[in-house]
Each structure stands twice: as C-alpha cells, then as structure tokens.
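Trainee: As they're listed, the protein sequences go chains Z and P.
Start counting the first sequence at 1; every next residue gets the next number (my numbering).
Start counting the second sequence at 352; every next residue gets the next number (my numbering).
These aren't lab readings, by the way, just hints derived from the structure by calculation.
Heads up, a few of these hints could be off.
As the list claims (entries may be wrong) - A few chain Z residues facing chain P, derived, Cβ under 7 Å: (1) Ile5; (2) Ile8; (3) Arg10; (4) Gly105; (5) Phe159; (6) Arg199.
Beta carbons are placed, not taken as given, at the ideal position from N, Cα and C, and that holds for glycine.
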Amino acid sequence: MFMNIDNIKRELINDLDNVKDLKELNELHIKYLSKKGIITELNCKIKDVPNEEKKEFGQNVNELRNMFNNSYEKMKKSFEEEELNKKLQSEAIDISLPSTKVKIGSPNILEKLIEEVESIFMSMGYDVVDGPEVEEDKYNFEMLNIPKGHPARDAQDTFYIEGEELLLRSQTSPVQVRTMLRNKGEKPVRVICPGKTYRRDDDDATHSHQFMQIEGLLVDKDISLSDLKGTFEVVFKKLFGDDVKVRLRPSYYPFTEPSVEVDISCFNCKGNGCNICKNTGYITICGAGIVHPDVLKMSSYDPSIWSGFAFGFGAERVAMLKYGINDVRVFYNTDLRESRVFDREEINNND
Amino acid sequence: MINLEWVKDYIDIDDQDLEELAVKITEVGINIEKVITNKIDNLVVGKVVSCINHPDSDHLHLCQVDIGNDELKQIVCGAPNVREGLKVIVAMEGAVLPGDFVIKASKIRGVESNGMLCALYELGLEERTEEAYNRGIAELGDDAKVGSDPLVYLGLLNTLYELDIHKHRNNDCYYHIGFAYEISAILNRKVKLPDLSYKEVSDDINNHFKLEVKTSKCPYYLAKMVTNVEIGESPEFIKRRLLSVGMRPINNVVDISNYVMLEFGQPLHFFDKDKLKDKILVRDADDEEVITTLDNKERILKSSDIVITDGVNPICVAGVMGGLNTEVDKNTKNILIESAIFDPVSIRYTANRLNLRSEASIRYGKGLSYEYTKYALDRACHLLEKYANATILSGIVSHDKIDKTKKIVEFYPIDVDKMLGIRIDEEDMKYELDKLGFDYKICDGKFIVTIPSRRLDIEPNVNDIAEEIGRLYGYQNIVGTLPKVELKQGDYIGDVKYRKVISKRLRSLGLNEVKTYTLVSPTVSNMFDYETKEKIILPNPMSIDKSVVRTSLIPSLLNVYNYNKARKVDDINIYEISKTYDKNYNEESKIAFLMSGAYVNNSWNGSLKVDFYLIKGIVEELLDYLGFKNRYSFVKSKVSSLHPGISCDILLDRKRIGIMGRVHPKVCKDEVYVCEISLNSLMMKVKPLKYKEASKYPTISKDLAFIVPKDMMSSEVEGIIKKAGGRLLSDIKVFDVYEKLEDNKKSIAYSLTFMDSNRTLTEEEVMNVFNNIIERVITTLNIELRDK
C-alpha cells in the first residue's frame, strides 16, 4: 500500500516535470484529480485501509494532493503568463507608421494677431465692439471733425454707395462715435474697435482695398498724453517683447489734438538699425492723440469735464512686422499650408 | 519740396548741419521724408600752380594744383582752357561724381594723376552740351578760397527737404517763409521777411479797373497793376530755385508769380491787362458755362465753381487755372496781378472735378493767410520792378470781407500740464511761445495768447496750444503713466461676442479660419443666392471684380478652396464669419463653412471622409453648443448652386436660419460641402445651464426595421415613432440603412431605448408601447415592417 503511494508520488513528480503547456497540465489535472483521477481514487480507498494505518495513509494522500495542487497552480500561472506574452508579442505594431490626424482648425493669421491685441486691451478693461461696415458719412467723417471738403478726405479715397451720404467705412472710428453717442456723454468709454475697412486702393503687396483697422478710445476724467504713452508701453511690450521702447512724435489728425505717431524701438535690431526699421531704429506703429474737444462735443461729451485719447493702427502692418510677412494679400488668399502653422501658442517660460 | 539755400534768405542757418536739422524738424512735427543734397565729398577749390604739356600727349596737360594746407596735387588735365594761376574745381581721390563715377589715383600715359579738374556739367550742374564741352573746365573767380567747397562758392550747393505732403499742417510750412518760421521755433532765431518795397507812379489802378465780387466764396481779393514789363529770362537764382523744387522756368514774369507763391504760399495770377476790359467780376459760374483754359482745353463749369470774368466772359477758373484769352505772353506789356483768397472747399471740388490739381490749387484748397495775400502782392511788384523793369501803378483794388478776428487762447499752465501729463515750468512755456513767435501776456497766472494769422492750422483751444508747447518742449520728456480709471475686465460686446465664441468652436471642430473680400464681381454675387437679396452695387468701384457687396460668403470660400486645391492641398475644411449687406443696408452677419476631403486623415490606415452627414454633424454640434438642442431641424430644399438631391434648409424654431449641402457639380466638380448660417438668427436668449441627474434605473432596448419608399425621409418615420413612443421612449438610433431593395425601396433599422427615470420598467409594458409604435408607423405611413 505505502509502496503504492510512493510509486504514485514518483510518477506524479515525473509527470509534472514533463508538462509542456497548459493543455498537458490540464490533462494531468484530469489524470490525478478528476472523479476517476488517481488521487481521488486513493482517497476512496481510505476506507479499505486498516484503522491503525488510516491516519498515516490519509496524511500521505493529502500530502500528495497538496503537492499536486501547489505545482498545478504555479505552473498554470506560469503557462498563462507565457501564453499572454506570446499573444502580446504577436500583436506588436510598427509605432513609426504615420498617425491619424485629428486636426484642430487654425485662426486666420491676421485674426491671430487681432485676438492677441484684443486680449491685451480687454485685460486693461477695454470692451471690444464693432459697428456697421456700410456707414453714414456723418459717423465716418463729419462727427470726427472731417467735414465735407476737408483735405483729410483725400488721403482716404472712399467707396461711396449713395451720393456723399453712405459709404463703406474707411476707418473704424465711426464705431467710437457710435459708442460715445450710446453712452450719452454720461459714462466713461473704454473700447477698441477692430474691424474691416475699405479704401479705393489697387491691391498689391503693400496695398489692399480691404483691411483691418484696430482703433481704440478711452474717455474719462483727467486723461493725458502720458497715459497714452503708458498704455502703449504695456501693449507693445506684450506684443513685441519687454525691451521695446515707446516714442511719441508730433503728427496731425483732424480728430485728435495733440496728435502723435506712436513709434516703437525696432524689436528686430534692438534699435541698432536694420531693414525692418529702415535703419532708423524705430518703427511707426500707430497714430494717436488726445481726442479733439470738438469731437467730444459732437458726441455730447463736455470737454471741460471729459477728456480722452484715441488711437488706431492697421492690423495687417503689425502682423506683417511681427510675423515677417511681406505681402498683404497673404491674409486674404489663405494658403492653408501657411495659415495652419498659426494654430499654436507661443509660450515662453522665461520667468 | 523745400530748398534750404532758399530758406537761408529768411533765417540764418549757415551753422547748421542740414541732416541733423532735418531730424530735429521731424522730431517736432514736420515729417521730412528725405534730405536730398548735391554736395560732393572731396571736392575743393584748387589753384593751378604750374601747367606744362604732358610729355607723351599733344593735348594733355600736367598740372600741379594747390588744394590748401600747403598741399600740391599732380593732376593730368585735357581741358583746353587749363592754365597756370587758374582757380579750378578739384575732385580728389574718393570723390563720387554723378553717375557713380569714383575718382581714383591713376597713371595717364605713364604719368601719375591724383584727381580731376572738373567742368560744371561733370558735376551735374549744367547740361552736357557741345558748347559746355568746348568751354572746358570751370573757371572760378580769383576770390574763390583754395581748399573750400566750390559749390558753396558758386552758390550751387543745394539741400532739399522732401516733406510728407499727405498730412500735417503743411498750409503753413509748405512754403519757404513758413518753413523758416518752423525752423525759427526750433532754433529760436528770428525770421527776416524779404524786401517788399517798390516805387509807384502817380497813375492809379482805379483809373483803369473796377472790381466787383458777387460771390460769398471769395472773401478777399486784391489786385495791383504794373505796366511796361519787359518779358525775358529770369535771373539765374530764380531759375535755379524753381528748378530745384521741380518747377520749370518759363519767363521772368511767370517765374516771379511762381517764386512768390513758393515764398509766401500765396498763389498769384497774372492777367494780360490789354486782353481785358476795364472790369473784373468774381462770381459763381453758371452751369454749363464754358472756358478755354491755359492748356488750350475747353472746360465745362458748374455753379459750384468760382469764376473770374471781365464782366461778361470768364477769364479764369478761380484758384484752379487761368483762361487762354488773358494769358501773359511774350508780347505782354501791362499786367493785372491778382492775389486772393477763395473758399478752399469749392476750389478743392473744382480742381478734383476738372482733374487740375496744381501747386496753386492745392494751396488755395488748404486755406491761406490774409496777411500774406498782401505781402505776396507787394513782393511780386518788387520783383517785377527789379527783374522785369515794370512800372507799378499806385493804388490797389480790393474786396475785403475776410474775417480778421484775432485767434486768442486763454489758459492756465496747469491746463497744458494736465493734457500732456508732465509738469512744464511757466518759464519754459514762455520760452516755447517766444520761439513760436506767438504774442502773449499773463494776467493772474493766466496766459492770453494771440495766434499769428499765418498759423491757420491752430484753433483757439487749449489742445492746440498744448500741442505747440508740447512738441517743442519735446515729447521725449513725457514719462508713461497709466490712466486713473475704474478697474474692470473688458469683454466682447454684441455680435463680436457671438463671432468669437462660434469662431473658437469651429476651430476646435477642425475648421480653419479664412478672411476674404466683401466686394465681389456681379457673377460671383449671384452664386448661392438662396435668399435672392438685392445687392449693393458700388457706383465707383476700382474694378468690376470688386463692385458688388456680397450677400453670401460661400462663393468666397469656394475661391479659397480653388486657390488651395491648385496648390495641391487636399483636405480643405474652412470657415469665415463676416457681415453682409443687402440693397436696403440691412446688416446680417453670417457663418459659412466649406468642407472637402478627409476630416480625420490617415493615408495608410483609412481616413474619415467629409460627407453630408459630417457637415450636418458639425452644424448640430455648433447649435447644441450654443444651447439650441431640440430646437432645430433640417428640411430638404433646392438651393441654387447646391446639389438638388443633397441640400437642405436649416431651421431653428421652424424658421430658416441657413442652408447646407453639396456644391452643385456644375459649380464645382469636386465633392465639396458647404453651409451658411445667419449669425443674427442665433443672437437670442437660451436656457441657463442646470444640472440634471442621469436615471438610476435600467433601460430596455428594442430593435426594428421598416421597408420604406426610397424617397421617404427617415425623419418622417422617426417623427411617428416619437409620438407613439411617448414619455417612455428615451432615444431613437438609426443603426442600419439598406438602400438596395427592389421596387425602389430601402430599409431603415432603428434601435429604440425605453426608460423611466423613477422606476424599473417591465418587459410587458415596454412591449405594449413597442407594438403600439409599430402599428402606428405602419398604418400612418403605409409601410411594412421588415424585422423586429
């Protein structure tokens, strides 16, 4: 009887040693532990063993079963692992193959610049507003101190629609007039008005009959030319870098007095002279000035109480300078190969 | 154009570096675009100390030339007139003559030559004629100082400033005396007016002329008469100066009128007195009145023009161009000099309409100072007496309705300080006003300033004074400050806000923003004209291509599509948001997009291609995003330029807000989908966001399929399913469409989801509803059930 168990044990060890895969392991399970398995049958024979040997026999059978089970579990786990690894290996792919492009759309290059300007001004409390592109002469010219026959009208060759009364706006200043009228001379005004404007120009690399102007207006109390300078120091440092310097030069506009040109030190050559600044070290960006008292009056603001500054610049020009574009038509033709590049941020972690 | 040698007649600037002066002038306000000079470096006056024949030539000379500082240069010269003792112009090594001719040391027939003796034509100061050539090198007077600049000695050194004429207050600084005042304000030096004196004979102009002004557009008209003029050439300095600023010298009389205009900014007109009768009548022209102008062209006038007449016939279009009938010619003896001020606006209109924009009309059109009207008249008499031997009659005929009220500004220094944002000492303000030549007094700390009449550009207000003081004091002294205003966050307002929100969403949905032109051609404007709006047609377009204000953006997007397609871009998904206008000036902002090619691209592993259902998905996504879920629908429609079978209207609250579909193959043969939605229709209030808990109870799904006629729309079936399903039906999904059934039929399979948010449904009650749905669909639409 004992001999028998020893033999079985030897056979079992031998069997386990020779198992090659999960299938063979399961066959062993059947051989030893199924209903008619060898160990199960030994278990049944317990009743035939003499009483004094029963205990020892039982212990031996249990030992045998435990031995099998332990090995079985270990080997099963190992075989399964091996099989999974094989499967995974067979599933391996060539990660160097091209991706599936899920593309986010890009802004128009000009719009990218405009949005940047808008966010700078909004952070300083300016609202962004627009108005009609088909505009009345009254708002486009007259209420800006440019009566009919004023020489300043020559510089803005305008598309008239109906006689001399209706036109395609030649500047976005009428939006400022409309904003002032809406506020009825009672509330302060702080707006920028980016928008489409039109002038009778032949389109070429530097001229466009349609262009985007960004104008702004601040009307409040005790506003000075130094406030204008300070504001543009903030704006242009944001746009062109912290080392940019702002310079004011006298100029003339009918709707501002004093009028200035706002120059920045050349961001490219740092003021040493280069192509971009035509060796002057400075680039003129913006026309501006203190709002003419007559303009305030016409829009029902009392110049003895209110004062303000206004400014305007061409978005195209600034975008061309900033991004190194030399043909204004780039903005309006939209070659997607060019514009898609502009769908990215310019985060510089220099802090 | 301002000639600085000319300016020197009125202000002392001999000590100034004219390049540096130009920078200073630009800094304080007058934009000098270019400094043009004929100065040549390394050009000096020399004296020929010895002159012998060249050993190896029959016409060359070998000269030793003293160029100052005890320095002698050996120069070979071929001119016939070179001789010992002659003062000459020496171009030394390094001099660059006109035509980029660089002077170098060289050997001429074996003899060293260290420069060149020059003729005037070689320096660009004279025309290169045979006569000039034969004359040889320039012979300077004995008073020429060896070593000095010969152009200075000859008075030929010219420096010109080219001004930016488009802007700025050039009515007072675009003539030489005005410009001298600007320099005087910068350098604090006095301006000296030119000689205005002349002798008069006792004969009075009033014996010969009567003046009548019958228009309000001529507030000031002065005339003097001169007799016995001798027409001839102008003196050299007048010719040279006119030429330098781009005016062709004609004869002494005509040149003088131009010369005075360039001095005082006041245009003059000279009439041949003998071609006139005894009267000058200034009046508004009659409509259709005809005059032949100096250029021998017939001009048809309008009643808005001002005309000078001899009482009956027009003799001059006032301020614009004289008439041929009273022109000064070579036989002219007696002249009537007109110096007047006309309504600038009227002159500008007339000059523009007749396309006769001249130096004179531009000046009249900018407005003139009455003081200079008289000065100019006197100056002309002075010059005519001096250079045309004219006899000046006494007396003057005049019409004087000009407003001579002095422009006076009163202000406290603090007013200027507040406007500029800097503190300027009262003493500094006084100093700047002195430099400007403005008269002022101070009463109890208040400045009372009188603006000189020459400064037409200055209005009597503090702003104008602050600008004058500020620009001279120097804007570089202004230190940036920030406005002391309320702290707040700015925002996008009105339609701009919608534009930005929608723009951002469309970009995140993979559409690329484009910007196109508002103005299109008539043909393009009629494409995609689904609203049949009347269009604004420009009366003065630049070209027919850009003559109509578009009402739809889609044609412009197709343009961008074609542009990119031609550049081999395949997947073109673009959008634009822009305003449109119809004939009645109604504004409508529109959102348009165009999609073609792959939406999700993988060239080797399968792409998701754009089709109708994709663009529909984008529209739904956008409308859902804006809060319009369940308020929109799509109905089949025929839209011009769209595929008749693949197009629809987009409805919001049952009103059409836009269209979408595939572009008609006749318009574009590629598979291109477009959509246009009115942004204005989306600008309305939507429900605020509110949390809604998802149901905790299980759902039950049931599938079924119907066989329907091919042209029946799934939405019809869905509509009935929804109605019949009632409250328990929570979702309908189409999960299969099979188009290839016989008898022109198709099958659509739906998966219905049932749910109650308060309890678990029983199979039995779901089956009740489900069977009811089937029956209602079959009976209402008269179609068969395929499967369930």
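Trainee: Does each hint hold? Answer for all of them.
Mentor: Checked hints:
no.	hint	verdict
1	Ile5	56 Å, violated
2	Ile8	54 Å, violated
3	Arg10	57 Å, violated
4	Gly105	4 Å, holds
5	Phe159	6 Å, holds
6	Arg199	10 Å, violated
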